[in-house]
Every structure is written in structure tokens, then in C-alpha cells.
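Asker: Spelled out, the chains give:
4 protein chains.
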Amino acid sequence: MSSILNGKHIQVSVFGQSHSAAIGAVIDGLPAGFQLDEAEISAFMARRAPGKAKFATSRKEADTPVVLSGLLDGVTCGAPIGVMIQNTNTRSGDYSNLHTTPRPSHSDYAAAVRYGGFNDIAGGGHFSGRLTAPLCYAGAICLQILKQKGIEIRAHIYSIGDVLDTPFDPVHIQNDNIAEKAFPVLSDGQGEKMQAVIESARLDADSVGGVVECAVTGVKAGFGDPMFDGVENQLARNLFAIPALKGLEFGSGFAGAKKRGSENNDPFTVDADGNIVTKKNDHGGILGGITSGMPIVFRAAFKPTPSIGKVQQSVSTEKKTVEELQITGRHDPCIVPRAVPVVEAVTAITILDLLGGK
Amino acid sequence: MSSILNGKHIQVSVFGQSHSAAIGAVIDGLPAGFQLDEAEISAFMARRAPGKAKFATSRKEADTPVVLSGLLDGVTCGAPIGVMIQNTNTRSGDYSNLHTTPRPSHSDYAAAVRYGGFNDIAGGGHFSGRLTAPLCYAGAICLQILKQKGIEIRAHIYSIGDVLDTPFDPVHIQNDNIAEKAFPVLSDGQGEKMQAVIESARLDADSVGGVVECAVTGVKAGFGDPMFDGVENQLARNLFAIPALKGLEFGSGFAGAKKRGSENNDPFTVDADGNIVTKKNDHGGILGGITSGMPIVFRAAFKPTPSIGKVQQSVSTEKKTVEELQITGRHDPCIVPRAVPVVEAVTAITILDLLGGK
Amino acid sequence: MSSILNGKHIQVSVFGQSHSAAIGAVIDGLPAGFQLDEAEISAFMARRAPGKAKFATSRKEADTPVVLSGLLDGVTCGAPIGVMIQNTNTRSGDYSNLHTTPRPSHSDYAAAVRYGGFNDIAGGGHFSGRLTAPLCYAGAICLQILKQKGIEIRAHIYSIGDVLDTPFDPVHIQNDNIAEKAFPVLSDGQGEKMQAVIESARLDADSVGGVVECAVTGVKAGFGDPMFDGVENQLARNLFAIPALKGLEFGSGFAGAKKRGSENNDPFTVDADGNIVTKKNDHGGILGGITSGMPIVFRAAFKPTPSIGKVQQSVSTEKKTVEELQITGRHDPCIVPRAVPVVEAVTAITILDLLGGK
Amino acid sequence: MSSILNGKHIQVSVFGQSHSAAIGAVIDGLPAGFQLDEAEISAFMARRAPGKAKFATSRKEADTPVVLSGLLDGVTCGAPIGVMIQNTNTRSGDYSNLHTTPRPSHSDYAAAVRYGGFNDIAGGGHFSGRLTAPLCYAGAICLQILKQKGIEIRAHIYSIGDVLDTPFDPVHIQNDNIAEKAFPVLSDGQGEKMQAVIESARLDADSVGGVVECAVTGVKAGFGDPMFDGVENQLARNLFAIPALKGLEFGSGFAGAKKRGSENNDPFTVDADGNIVTKKNDHGGILGGITSGMPIVFRAAFKPTPSIGKVQQSVSTEKKTVEELQITGRHDPCIVPRAVPVVEAVTAITILDLLGGK
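Chains as they are written, first to last, in my numbering: chain C, 1 to 358; chain G, 1 to 358; chain U, 1 to 358; chain R, 1 to 358.
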């Protein structure tokens with residue numbers, strides 16, 4: 001079940017390799033009768049697309065989704081949506097030596113063992129970040145359905161290296177049109193500094209990691225379950241599918257673990273409309289696995305992309321000798337900016353599933 | 001599917017509330033013919049049991065698991081193991097006012113909405129940390145099965161408040177008999193300081209959080225899958241079932257997100273036995289969702305237990321007014337020490353499932 | 001996942017062996033706030049209980065379900081219901097020779113291979129029909145929930161050997177209080193003949209099979225899905241869990257396969273209330289995997305119970321020689337009458353899950 | 001999860017409608033390193049393809065599968081196989097009146113309610129038998145993998161209307177190259193009579209149903225599980241996805257329900273090679289949900305295709321009036337011959353999954 005986001009109501013089966021004929025997905029379980037806004041989907045996917053900025057790979061793809069089924073005149077018909085994105089700009093020659101000389105901290109070695117060496121190594125194969133494009137297509141649809149229900153999902157770059165953006169106010173999530181920005185941060189000043197950090201890494205043939213913060217507003221209290229089907233469990237299961245994601249924290253998360261209960265606990269109060277709310281939101285909108293009605297807030301840590309131009313130490317898996325490795329090909333010095341819409345997309349699919357898929 | 005750890009091969013269905021007649025589990029999918037070491041199971045469960053130390057709740061339970069099915073003379077017969085632990089020491093009178101005055105940052109409010117107010121509030125009901133006892137029983141069995149395969153799982157208190165233990169060396173996990181310690185840390189000196197932090201919180205009728213670090217050694221390279229069934233995904237899905245767990249990071253995790261690729265990448269090398277290994281282990285033993293053969297290392301952040309004796313601000317959900325709340329009853333000032341075996345248990349079940357359940 | 005009825009919303013994890021300390025189940029996903037009618041549950045379970053009539057095993061069990069969790073004053077609280085039925089009347093000595101001399105057409109041989117000989121052979125172990133008692137408990141609850149929604153599930157003995165009962169009128173299901181009859185048939189005259197067939201088998205130390213017909217009324221059109229999650233798929237997956245069930249047909253089933261389309265097709269019409277209905281119901285209430293609004297009707301074929309007193313040919317699995325086998329112990333000459341409530345129970349769980357678990 | 005064959009190890013996500021741009025599937029979980037025999041796949045798919053004979057629809061499609069991902073030089077690489085079949089010959093104009101005048105016993109009415117009228121009605125949309133083509137592609141691969149393990153799956157037309165083929169000998173399954181026959185029966189004489197029955201129905205603008213019998217040889221004893229994950233459960237869940245399948249019986253099935261235990265029980269014996277086998281095979285190779293080592297044998301009943309040319313009675317769902325309906329378009333008078341490879345395909349996927357997906 002490796003490549004299926006297998007929700008109770010919604011399933012997204014992803015296929016493709018970086019350099020296969022196409023990548024794509026089958027999206028099952030969406031409500032029938034929903035009119036897609038295709039321009040909005042394209043705009044959403046453009047946020048993830050490569051080649052738009054100096055901090056991203058120079059590989060350019062039209063990345064136009066071709067819908068094979070599931071829509072009638074742009075309206076969901078209840079049948080699974082089959083969608084493919086053709087790979088038009090493949091350069092598999094770049095990757096020939098990686099079969100026996102795995103890239104440090106990339107999937108190459110583990111995948112070679114897992115698949116007996118038969119895995120497609122070109123461009124990372126099925127492990128490529130490119131596989132998040134069909135997830136963005138699915139997520140873009142879910143975002144539109146959620147929006148009609150008053151639910152919005154916004155993410156921003158929380159940090160790049162040591163540079164921090166203004167965090168979300170977890171009680172009143174800022175709506176600063178982050179999604180429309182070329183570099184999705186709340187503080188454009190901090191964004192400038194982050195871009196300098198990325199550019200510096202690029203000039204060093206290196207890469208740098210960062211953190212994405214995401215917030216979901218508009219979900220009422222009472223969705224989720226204790227234990228294994230809690231909201232954290234479901235989000236975690238799906239979000240860890242995003243390549244390079246290595247950490248996840250909800251609400252005050254790791255910082256909260258340093259606190260006392262009297263600090264971390266969120267006092268209840270009653271707002272002007274008579275709703276029961278909390279005065280602050282260290283619980284990240286989830287209590288006992290169930291939504292509290294407050295914004296769901298989490299942060300996801302992305303490791304620096306392992307594909308760097310610097311000479312690195314690897315091994316020959318055939319000769320069992322230490323080898324120097326220099327990777328050519330096209331790589332992002334920082335994948336965090338492009339990961340922002342991917343986090344939103346996976347969150348959107350998960351939240352729509354949480355709400356019963358409709 | 002809220003209370004089922006629903007692995008591909010192993011399923012653990014947990015039942016019970018803090019003050020119901022019994023709690024327990026049905027454990028399905030274990031291999032037949034395995035002779036349990038019951039003394040070892042008891043020793044493992046004793047690590048989680050309450051009442052053994054000043055930092056834990058004063059509630060004492062024999063916590064003796066009664067096996068209802070699945071064993072013949074202590075040997076698994078292939079049928080599901082039904083196990084129950086009777087609740088002998090219930091004091092449900094302590095909790096009467098919580099039905100309309102939810103405890104801040106506890107599950108009370110979210111659960112009341114989710115279950116229309118019909119949920120069992122006594123002692124946290126099904127949301128109680130007590131429900132981790134049957135998980136420990138299941139995990140203890142899995143640990144024994146894994147041990148026969150050369151796989152060991154060890155956890156320690158990584159931090160309490162601001163006090164840090166010596167971290168695991170992620171390449172050569174220390175075997176310092178942590179499991180046998182009353183306070184499971186690598187550095188007993190730091191452990192003393194942690195206990196002082198906990199005692200201080202207790203005296204203030206408060207609580208404090210912390211972090212548990214866990215390592216799995218002996219898992220060969222090549223287990224897991226990319227995307228949604230990766231090792232991180234499976235561990236995350238199951239670990240977030242542990243009450244109060246709000247953050248999870250693998251390998252260098254959030255710290256890695258601050259690094260450059262050239263720092264965070266783990267160079268390959270060949271060890272004395274000719275095995276391909278990495279010189280350090282910032283990847284936490286998982287690459288592309290698949291085990292690399294290095295120790296699997298992760299940290300889990302636990303919020304301070306929300307049940308504190310201090311007066312707090314809550315609301316009357318009936319009158320929609322702000323109310324003061326003072327919780328009586330018995331509570332741990334810090335649940336982190338007792339969470340250590342729970343993390344090991346859930347990890348053991350997940351890893352055994354990853355290996356095919358046998 | 002062998003012993004979990006793993007619905008989208010409702011899960012029932014069954015445990016126990018015929019002669020273990022107890023059998024039981026964990027029932028997860030039921031709506032909170034439902035007041036159980038315990039007398040009705042007992043009456044339902046009594047229909048399956050052994051020892052009540054001459055055609056059943058002479059083993060008598062109180063079969064009283066002990067609820068361990070999930071109820072507060074008889075009302076569901078949203079937490080899983082843990083229920084056990086103690087095995088008070090065990091005679092495991094009867095079964096000693098079956099370990100190496102498997103009973104023909106019983107699970108003994110296949111189970112011994114599957115579980116490496118470690119399976120519990122006494123009374124059929126986990127394969128015993130006795131394991132349907134906890135399913136009946138779960139089903140009895142679901143039936144009560146469904147009844148409140150106007151949905152009723154009725155089954156009767158369709159045939160024993162060659163003797164046929166009056167079949168259901170699939171358009172207007174008869175309500176003849178079948179459930180209250182000691183021998184659940186529509187035509188008591190045919191029931192007499194069936195009982196004679198069973199008694200004749202009993203006197204010959206033999207057994208006889210039969211067919212159960214079941215109907216679900218009150219389910220509106222539009223539930224289910226095409227392909228793998230159709231109503232037939234879900235019912236089939238769950239019903240084949242009932243021991244001895246070897247065939248299943250919906251609507252006209254195997255007889256319909258002999259017909260022409262013009263005969264088998266069900267013309268639509270409009271009833272007096274303006275509802276779209278079909279004039280007959282060869283489709284069994286399911287079209288394209290989705291309910292049509294007509295009664296769901298199916299028949300399940302039960303093989304004659306393989307445990308017979310007659311001398312049979314078996315083998316010694318150790319010596320690899322042909323051996324005579326004579327089974328002692330207590331066995332039903334016909335399990336079909338007791339299977340009737342089990343079919344209703346499994347159907348009830350499946351239909352409640354189909355409707356979203358509430 | 002409607003359109004996902006969701007095995008433990010193998011998943012097949014089917015997409016497409018009869019007249020969408022393409023149909024296809026994502027096939028996940030196949031072992032890496034398997035060299036496909038594409039000619040054999042084509043030959044297999046040709047058995048299902050329309051237009052080859054007078055008893056099939058006159059619609060002709062090249063039905064050439066286009067592989068989008070998952071293969072490198074015809075060898076599985078471990079990544080999901082994305083495959084599509086373009087719909088080149090669409091005539092959606094034929095179906096316009098069916099939106100409000102549903103075809104009797106077709107999915108039209110139930111689907112319109114399920115999907116709020118937004119479902120694609122053209123050619124049956126997602127409910128079309130055409131969706132079995134990608135299942136055949138997936139099944140053809142699984143058949144090749146199974147063949148390497150000595151496992152073969154063969155099906156034949158067991159009956160058309162009242163005409164019966166020679167049944168399989170369930171102990172020694174005949175290998176009469178059925179798959180190579182244009183009309184897959186054991187007895188060509190009976191096949192002639194069946195074709196006459198079909199031709200007669202066609203001349204009457206009618207259709208006729210039938211039964212497919214399938215046998216799996218080479219599966220060793222000990223695969224499967226009791227209760228909900230038994231072999232019957234898994235096959236049933238998947239096989240009922242085939243359009244028009246309304247009944248399923250294993251071994252002696254409904255006929256066995258008429259027998260006594262002494263007749264239906266299969267005595268064990270030891271064959272010339274020292275294997276434990278049964279002298280006959282009324283149990284259909286499955287005991288207690290687990291394989292016995294004998295051939296797995298089952299029969300599937302197909303209703304006559306509901307799309308017939310004869311005038312039928314329907315309703316106007318808008319006006320709530322009874323209406324006459326005459327269907328135009330292209331339809332098979334009997335889908336049973338084309339269902340034979342589909343049954344084999346779904347069985348192959350299920351059996352490969354049962355064996356662990358490899």
C-alpha cells in the first residue's frame with residue numbers, strides 16, 4: 001500500500017517515476033457534483049512547480065495535468081479521477097553511476113536493497129519530489145471543496161536554516177495572502193534573509209533545510225478519535241509521505257515539552273459569539289486526538305535536500321570500497337519553498353477525509 | 001477504527017476506560033508457537049505501572065493481565081490473544097464536575113462534543129493514560145519475538161523540562177541497562193536533576209513535560225516503502241496514539257532542518273565486516289521511508305500532563321460562563337518516565353508488523 | 001486481520017477458542033448515547049445458544065455476556081465495548097487424538113499447517129462455531145440501532161437438505177415473527193419436515209446442511225459503491241466468516257444465471273406514495289453495488305457440519321498412513337437453525353457500517 | 001475505497017468510464033525485478049476484448065495498454081505500474097435519455113441516487129464492463145508471477161442458460177487449453193449448444209446469463225486465516241466487483257447444502273508422493289478459511305446482461321411516471337464468455353496477495 005493515501009473516504013493512488021512516461025494519480029472518493037475551478041488548480045500547482053525561481057531546480061516542466069476520467073465538463077461525476085502529467089523533459093543519462101554509488105542520505109541505497117537493485121534510479125525514480133505534483137492536484141481539489149465549507153488551509157516557511165519567519169498567531173491565523181507570494185512568508189524582511197541563506201548554499205554547491213508551519217481554520221470541534229485514528233495520527237501518517245520530512249509537531253510541540261502544565265494548558269473562555277474557545281492554542285487545535293474547534297496548527301521539519309553538488313563520500317556497493325561521489329544533474333538548493341503547497345495539499349486531503357470525504 | 005493499531009499483519013484492539021470493569025486488548029496476528037516469558041512481561045509492565053515512585057500517581061493497581069484466550073500453556077496458538085486487566089481501585093466520584101467544566105488541555109471538551117456528552121469522564125475514560133497498559137502487554141510480547149531476531153528497542157528520558165540526558169549515540173546505541181533503572185536515563189546525574197524538576201512541579205501542584213528518545217537496533221536495510229507506508233509513517237501513525245505525545249522527529253529532525261546538506265548528509269563507508277554503513281546517523285536509520293540498516297532513532301515530545309492541582313480557568317459548557325476549576329484526584333506530575341516503556345511497546349508492535357509480523 | 005470485521009466505521013475484533021477461559025469481542029465505532037435493550041440482546045443471543053433443542057449440541061452454556069467497558073448504565077459511551085463470555089463447561093479431553101488425525105472437512109488439517117501444529121484443537125479452537133456468540137452480541141446491538149432507523153433484518157431457514165421453506169417475497173418481505181419461533185421458518189409445516197430430516201441425520205450419527213435466506217428492509221437507495229466496496233462485496237466479505245458458509249447469492253443468484261435478461265430484469269414502476277420501485281426483485285436490492293431501495297435479499301449455503309459420529313477415513317499426519325477416525329464429543333446434527341441469527345447479526349453489523357456507522 | 005482492490009500486499013486502483021478519455025489502473029505492490037511477457041499479456045487481454053465474435057458487442061477497441069510508469073525495459077521496478085487504455089471509439093450520444101429513464105436492472109437508477117445525478121451515464125460510465133480491462137492487465141501480470149511458482153488459474157464457462165459444460169474434476173483439474181479456445185469450454189459439443197442459446201437470445205434482442213467455474217492449482221496448504229480474512233472472504237470481496245456477478249459458491253456450495261456430512265466430507269488419504277490429500281474435493285480447497293493444498297474451486301453466477309434491445313418498462317425519474325424504454329447502442333447478448341478471463345484475473349490478483357504479494 002506504499003503509494004496510496006488510504007483514507008477512510010478518500011484514496012489517492014500515486015504513480016510514476018521522475019523520468020517515466022508520466023506521473024499521476026487516481027483520486028477516489030470525492031463527492032460527485034463538484035465544479036472544479038481549473039484556473040485555481042493551475043495556480044496552486046504553479047506554486048510547487050520547478051524552475052520559477054533562482055532557489056529551485058532549473059528543470060522546467062509544463063506540468064499540465066491531463067484528466068483521463070472522473071470529470072464531466074469539469075464537474076466530478078463520482079468515478080475516480082485519473083490524472084496524469086507527462087514527463088517531457090527527461091535526462092536520465094545524468095544518473096548512471098548512482099546504481100552502485102548511492103548518494104548519501106538519499107533513498108538510493110535503501111531502495112536498492114528493498115527492490116533488489118531493480119528500482120528506477122533516474123532522478124530519484126518513484127522517490128523523487130516530483131511525485132508530489134499529483135498530490136498537489138488532488139489537494140487543490142480538496143482545498144476547493146473545503147473552502148466551500150468555510151475551511152481554509154495556509155502554510156508558510158517558518159524557518160530556513162536559522163532564520164525564522166513571524167510565526168502564526170495560533171488563535172487568529174493571519175491571512176496575509178501568503179499563497180500569492182513568490183516566497184511564502186509572513187515577514188517579507190525575514191524572507192529576504194532566508195533567500196540569502198539559500199543563495200549562499202547554492203553558491204557553495206550545497207543545500208539547506210527548513211520548517212513549514214501550517215494552519216487549518218474552520219474545522220468545528222468534535223472530529224477525530226482517540227488513539228490510533230486521532231487527527232495527529234492521520235496527519236502524521238500522510239505528511240511523512242512528503243520526501244525529506246523528518247519531524248512533525250502539533251501546537252507547542254517540542255517547546256511545550258519544556259513547559260509546566262500551568263503554562264502549556266490553554267484556559268477555556270467564551271467568545272463574543274458565545275462559542276467555547278481557548279485563550280491561547282498550545283494544544284494546536286487537537287485534544288485527545290479530536291478537534292477542539294481552535295485552528296489546527298503544526299510544523300514540519302524538512303532536512304536539507306541530500307542532492308548537493310559538493311564532493312561527498314559514498315561507497316561502491318559492488319566493490320565494497322569507499323568512493324568519492326560528485327552529483328551532477330539539476331537540484332534545488334532548498335526544497336522548503338516548494339514544499340509549502342505540498343504540505344497544504346496533503347493536509348487538505350486528510351482534513352476532507354476526516355470530515356467524511358464531503 | 002479509533003482504538004485499533006491496525007497493522008498489515010498485527011492488530012491490537014484496545015478497550016476500556018479508566019474506571020470501567022476492566023481494560024484490555026485483543027492482539028491478532030502474532031506468530032503461533034512462541035513461548036512467552038511471563039516474568040519478563042510482568043517486569044516490562046511494572047515499568048509503566050503507577051504508584052512506584054514519588055513522581056507518579058498514588059493510585060495503585062495490581063495491573064495483572066488476565067489472559068482469556070490465544071495461549072496454550074504460555075505458547076501462542078495463532079488465535080487472537082484476549083487479555084484484560086481488571087480495574088480494582090476506582091474512585092469515580094472524583095470527576096463529577098468535569099462533565100460541564102472541562103479541564104484545560106485535557107480531552108474532556110473535545111470528547112464531549114465528539115460523543116454528544118455520553119463519554120465516560122471518570123479518570124479520563126477511554127482517553128486515560130491507563131489505556132497504555134494493554135499496549136505494554138502487547139508490546140512486551142513483540143519485544144520478545146524481536147529479541148530472538150536480534151532486534152532490540154531501547155528508550156530513555158531525553159529531557160524533562162530543560163534538563164537533558166546524554167543522548168543516544170545514533171551509530172552505536174548505548175546498552176546501559178536503562179530498562180532496569182527506576183528512572184530510565186543514561187546519565188544518572190542528569191536523572192537526579194530531572195527528578196528535582198519533577199518534585200518541584202509536584203510541590204507546586206503543577207506538572208512538567210519532557211522528551212523520550214528511542215532506538216531500534218538490528219533491523220536490516222530494505223524494510224519499508226516510499227510515500228504513505230514508510231517506516232516514519234507507520235511509527236508516527238501508531239506513536240501519536242500515546243496520550244500527550246505532540247511531536248515526533250526522526251534522526252536529526254528539527255535540528256537537521258537548520259543544517260546544510262553537507263553537514264546533515266551521512267557519508268557511506270564500509271565497516272570491518274564488509275557491511276555498508278554510514279559514518280554518522282542524522283537520517284535516523286530511514287531513507288526514503290525504508291530502513292538503511294543503521295539504528296532507527298527518534299524522539300517523541302510529551303506535553304506536561306494537563307491534570308494539575310492548581311486552580312485553572314475553565315468554562316461552564318451549560319451556562320457558557322467562565323468558571324474556576326480545581327482538579328482533585330490523583331495525577332502524575334510528570335508522565336514521561338512512565339511513557340518510556342509505552343514508546344518501546346508501540347515501537348515494538350510497529351517494527352514486528354514492518355517485518356511481516358513474524 | 002483474521003478475526004476483525006474491519007468495517008470503515010465499525011470494527012469487531014473477536015477472540016477466544018471453544019475451550020479457552022473466555023470468548024468475546026471488542027466492538028469499536030458504535031455511536032455514543034445509544035441505550036441498549038439488554039433483554040432484547042439476551043433474547044437474540046438465546047436464538048443462537050446451544051442446548052435448547054434436540055437438533056443442537058447437548059453442550060449447555062449460560063452464554064451470559066459480561067460487559068467490561070464501553071457502556072455507562074447500559075448506554076454506549078463511544079469507547080469500544082469489550083465483552084466476554086466465559087467458557088464454563090469445557091471438556092477438552094474429548095479432542096486429544098485430533099492433533100494428528102484431522103477430522104475430514106474440518107479446519108484441523110489446514111489449521112495445523114497454518115499454525116505449525118500450535119493451534120488449539122480442543123472443540124475446534126478459534127474455528128469453533130462458538131465464536132459466533134460474540135458476533136451475535138455485536139449484531140444484536142446493531143439491529144437495535146438499525147430498528148430505530150426503520151431498518152429490519154430477518155432471516156429464515158430456506159432449506160434443510162431437500163426440504164424447502166416458503167421463500168421470502170422479495171418485494172414485500174413477510175413479517176411472520178420468525179425470530180420468535182423455536183424453528184425459524186415461514187411455513188411451520190415445512191419446518192416439521194425439516195426437523196424430521198435433521199432427526200434422521202442425528203439418529204444416523206450424521207449431519208445435514210441447508211440454506212439461510214436473509215432480507216434487509218428499510219435501506220434507502222444510494223448506499224454502496226461500484227466495484228470493490230459494493231454492498232455485495234461487503235456482505236460477502238463478512239458473511240464468509242461464518243463457519244460452514246460455502247455459497248452466497250443475491251437476488252435471483254444462480255437461478256438468475258439461467259434466465260434471459262427480459263425475464264431477470266426488474267421493471268421500474270412508481271408506487272402509491274410516488275416512490276420509484278421495481279415490480280419484482282430479482283436484483284436483490286443491489287444494482288451496480290449500490291442499494292436500489294428495494295429489500296436486500298440473499299441466500300447463504302451452509303455445508304453439513306463436518307463433525308459427525310460416523311466412522312470416517314482420515315490419516316495420521318505423523319505416520320502418513322490412512323486411519324479410521326470416530327469423533328466423540330457433542331455436535332449439532334444441523335447448524336443451520338442456529339446460523340439464522342448469526343447471519344442476521346453479521347448482516348446488521350455490515351449494514352450499519354454501510355450507513356456510516358450511525 | 002470503491003474502486004481499489006485493496007489487498008494487504010497488492011493494490012489495484014481502477015479508473016475510467018466507458019466513454020472517458022481513458023480507463024486504466026495503478027497497480028501497487030508487485031515484486032520488483034519481474035520481466036513481463038507482453039505478448040502473453042496481450043493474448044490474455046484479447047480473450048476479454050470485445051468485437052471478436054458474434055456473441056459480443058460490435059464495439060471494437062484496440063484496447064492497447066499504455067504503460068506510464070513502473071516498468072524499466074519491461075521489468076517491474078517496484079514503483080506502482082500506471083497503465084491506461086485510451087477510449088478511441090466513443091459514442092456517447094447513444095445514452096442521452098437514460099439520465100431520467102433508467103434501464104431496468106442496470107446501475108443507472110442506484111447510481112443516479114448515489115451520485116446526485118452527476119454520474120456519467122454514457123455506456124454505463126464507471127459501471128461499465130469495460131472497466132474490467134485494466135483488471136485483466138493487472139491479472140495477466142499476476143498470472144505470470146504465479147506461474148513461476150507452479151500456480152495456475154483456469155476458468156471455463158460452466159453453463160449458459162440451462163446448458164452445462166463438463167465440470168472441472170475438482171481433484172485433477174483438466175488442462176484442456178481452454179484459454180486458447182475462442183469459446184472457453186471443456187466440451188466443445190456443449191459449447192456449440194451454448195452458442196446457439198446466445199445466438200437465439202441475440203436474435204430476440206435479448207440476453208442470457210451463465211456461470212463461470214474457476215480452479216486454482218498449486219497453492220500449498222496453510223495460506224489464509226479463519227473468520228474475516230479467509231480465502232473465501234478475500235476472493236468473494238474481490239470477485240463481486242465484476243459487473244453482473246450475483247452468486248458465488250466454493251466447492252460443493254449450494255449443492256453441498258443439500259447433502260449429509262458423510263457424503264460432503266472429504267476423506268483424507270496419502271498420495272503416491274506421501275502428500276496428505278483428500279479423495280474428493282467438495283470443500284473446494286479451503287477449510288476454515290485456509291487452503292488445504294487441494295485445488296481451489298469455485299463457481300460464479302452472472303446474471304443476464306440487463307442491456308437488451310427489447311422494449312422494457314421504466315419510469316421517468318423526473319415526472320414519476322411509467323415509461324417505455326428501448327435501448328439502442330451496442331451490447332453483448334451474453335457477457336459470460338468475456339467474463340471468463342476477468343474471473344481468472346481477479347482470482348490471480350487475490351491469490352498473489354494471499355501468498356504475500358511475491
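No wet-lab data here; the hints were simulated from the structure. The reader is advised that the hints may include incorrect statements.
Only part of the chain R face toward chain C is listed, based on derived beta-carbon distances under 8 Å [to be verified]:
1) Thr64
2) Leu68
3) Phe118
C-beta atoms are modelled at their ideal positions from N, C-alpha and C, and glycine is treated no differently.
Asker: Look at each hint and say if it fits the structure.
Answerer: Hints, verified against the model:
{"no.": "1", "hint": "Thr64", "in the structure": "violated, 14 Å"}
{"no.": "2", "hint": "Leu68", "in the structure": "holds, 4 Å"}
{"no.": "3", "hint": "Phe118", "in the structure": "holds, 4 Å"}
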